[in-house]
Amino acid sequence: MKVRKNVYELSASDMTLHWYSKAVEVMKQRSINDPTSWWYWGAVHGYVINTSTKQFWEVATDYPPKQSTIDSGFWNNCQHGTWFFLPWHRMYLYYFEATVAKAVVEAGGPVGWTLPFWNYCEAFRPGISIAEQQQAMTIPPAFGDSQGKNADYPGLWLEGRVNYVLQKRYVNPWPALDETVFTNTSEDVNFGGGITGFAVSGGKKGQLEQLPHDVVHGYINGAMGNTKTAALDPIFWLHHANIDRMWQVWVESAGHSNPASSDWLNFEFDFHDENGEVQTLKVKDVRTTEQLNYTYSPGYPEMDAESPNPPGRAAENVMDVVGASNINTDLSHDLSALALNMVPQGRRKSRVSMAARASVNQSKTPKRVLHVNNVTGTGNPCPVDIFISGDGSAALDDEHFVGSLGLFGLEDASTPGLDHDGSGLSFAFDVTQVIERLSKQKGWSEDKISFQFKPQLPRQGEKVKVGRVSLHSELR
Amino acid sequence: MNYAKTQRQVPGAGLSGVYTLKPHWYLLAVSILCWLYYFYVWLQPMDSHHHHHHAHQVSFTEQQITWLMMVYAMMLPMLSGAVNFIREMLPRYVHPYAWLAVFIGYSALWWLVGALLIAVGVLLSSAVWIAEYWPAWIKETTPFSGLIWLGAALYCQSGMRKSAVYACTAGQPLAIDFWGAMRGSVKFGWYKAQRCFASCGVIMLAMMLTGHSLGLMLAVTCLLLYERIKLPKRTSLVSAMCYTLALFYTGMWLI
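Chains A and B, in that order, give the protein sequences.
Note that the numbering used here gives residue 331 to position 314 of the first sequence, counting from 1, and the numbers run on in steps of one.
Note that the numbering used here gives residue 66 to position 65 of the second sequence, counting from 1, and the numbers run on in steps of one.
Hints are computed from structural coordinates only; laboratory data are not their basis.
Glycine included, C-beta positions come from ideal geometry on N, C-alpha and C.
Be aware that one or more of the hints could be misleading.
Unchecked claim - Below, simulated SDA-like cross-link-like pairs (lysine to any residue); rule was C-alpha separation at most 25 Å, straight line:
1. A:K83 / B:R162
2. A:K83 / B:H96
3. B:K231 / A:K384
4. B:K188 / A:S279
5. B:K188 / A:G90
6. A:K83 / B:I230
7. A:K301 / B:I230
8. B:K234 / A:S279
9. A:K384 / B:H96
10. B:K234 / A:K384
11. B:K188 / A:I87
12. B:K234 / A:G214
Unchecked claim - Partial pick of chain B residues on the chain A-facing surface, computed with a CB cut under 8 Å:
13. S159
14. A171
15. L255
16. I256
Said to hold, decoys possible - Non-contacting residues of chain A with respect to chain B, defined by C-beta distances greater than 12 Å in every case (computed):
17. Y80
18. N94
19. F284
20. P361
21. R364
22. G434
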């Protein structure tokens, strides 16, 4: 069985990245119409020509691609905002790894090349030093740095990355790994995404897709910040190997299980293998890495805590909207504040604050979920951090931090087309703990709840608009 | 055990579960009622059926009812996503009003389309030369029905139509104050109808112009539903159906 290793734990004599670089160069020489070329593999994830993407595609061998290739049904197939996000990307990595392994052999390398993973989540390992945290969050040096390419690994460089060192709050694995269910049909959050059909931008992101997946894409930015170019960056594949590993960690943790629905299990996706032959896999063929004959070397996090839910239980918390912002707010400023309009007390089926909970002496904290819907815009903006306030202030600190909008695929999701309905991106955050903590402080009032939206970097002309922010609370 | 009491103790359980967790039930009920009516008419003896159609001049209202029944039978199941969206996005106390508002907005656009079609029909039938000679001339000299379905097939294969099918699933932000929610829901229903018309209107018009059996109507509805679930990237059954009908009608014309 193949073992995918942490890229920072490869030994000095290990040649994995050397041969990866060589294979990328080999694959880049192949025609964009060739199913084993670097360009074709990038386009399977996404392909479009516009001002944001043209620079990455026009250097492709035999560009522009044949219309028959574009229309083949194999391009623009990435699954996002859906419960197929994880299985589709697992299949994608599997056939990509096989294609690179074959290219490695053709370049004179050994048989059995294996894709490494970039475990930025190591930054959250308890007891780790600041220097070790920084290393874990840094794009491996072989891929270049802000000064330019690493001459020893020219194939791993791509022009245009904005950030080479991630921020700690962008690599937190726990909002995802703490989720107890893979999917659900309510407004509650989940691990793996909402129930959809084939969905390039399905609007029902799971927690793992939101963080760290989307935010890492958006923060590195450049090609990585756009679904239509992301897979052209060699770091894409190491990032996704880590996401794939986290799915396996989650499944192996007590009380967690993949969906049992035949709609999920029997859904099929087509890919090309290393020989350019069409292969079909069902989701049930990729529920675990062992089914595809590979595994991951041990790494943080490894979750072995008991889940509060029995295995396979669907967390169908019935929720109600308790407040929402005005609709269609421009977020193109350096700091935007959105106050919630609360549902009148007498009409509210759910209550938000701890004080209300205490008054009825309930033992279970009601779950609260923040929804940010219909986020639309242009360009590849960097992530936007969200902070909550319940006293009219605008504190932008960890205590008030709710989560980040990783705007990966924003422009694409905002454009009606053959793969999207154009209604933009949607996000959901579990804000139970932060509201519970803040509601104990003096001055907190649920009728004064507001949210501050702060872009991580100043805007470079990108436009971002949020359709609506709403707070949902578990029905009691 | 007092069952009724237990039901009330569980949020969203019992009748309120049907009401809030499966809010699309009323759309399905209206659609099923329309289908039951069609089957009832179909089961009537042919003589009384024909007598019913030719006994009197069909009024505008009757034509509108016929048109909207066809819309409700074929299209309402596809509005399920919209009412679920309302359930997720609006406070529970406005749900029943908002669902009605979506239905009103949705019906309003289809009513307008129906009125335009009826008006065009009246204009054509009032022009004596067109009414007397043109339909017969067209049907004798061209594979009229075949061409109509060929046009529908080409439209179904176009990017414009595929985009329209995707757009059917789009949600939009809604205000939560009562009247804001009502206005937003009516608009939402109207937009949904626009998208439904852009994706399925051509097929419905083709059926109207070429005539259709109940079986064909049912088959088309099933295919449209299947396509909505699969999305056009994963199936081309609808355009295949249109091509098949184009071939069938052309063959019939040749014979």
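Status of the hints after comparison with the structure:
1. A:K83 / B:R162: Judged against 25 Å, a Cα distance of about 22 Å means the pair holds.
2. A:K83 / B:H96: violated, 50 Å
3. B:K231 / A:K384: violated, 33 Å
4. B:K188 / A:S279: Cα-Cα ~36 Å, so violated.
5. B:K188 / A:G90: Distance of about 35 Å is beyond 25 Å: violated.
6. A:K83 / B:I230: Violated - the C-alpha atoms of I230 (chain B) and K83 (chain A) are around 29 Å apart, more than 25 Å.
7. A:K301 / B:I230: holds, 20 Å
8. B:K234 / A:S279: Between K234 (chain B) and S279 (chain A) the Cα gap is close to 21 Å, so the pair holds against 25 Å.
9. A:K384 / B:H96: holds, 21 Å
10. B:K234 / A:K384: Given pair K234 (chain B), K384 (chain A) is violated - Cα atoms ~37 Å apart, limit 25 Å.
11. B:K188 / A:I87: violated, 36 Å
12. B:K234 / A:G214: holds, 11 Å
13. S159: Because about 10 Å separates S159 (chain B) from the closest Cβ in chain A, which is outside the 8 Å limit, the hint is violated.
14. A171: holds, 4 Å
15. L255: Violated: closest Cβ of chain A sits about 32 Å from L255 (chain B), beyond 8 Å.
16. I256: violated, 36 Å
17. Y80: The assertion about Y80 (chain A) holds, with a minimum of 22 Å to chain B.
18. N94: Non-interface label on N94 (chain A) violated, nearest chain B Cβ at 8 Å vs cutoff 12 Å.
19. F284: F284 (chain A) is in fact no farther than 12 Å from some Cβ atom of chain B, at 10 Å.
20. P361: violated, 9 Å
21. R364: violated, 5 Å
22. G434: violated, 6 Å
Hints 2, 3, 4, 5, 6, 10, 11, 13, 15, 16, 18, 19, 20, 21 and 22, counting from the list given before, are not met by this structure.
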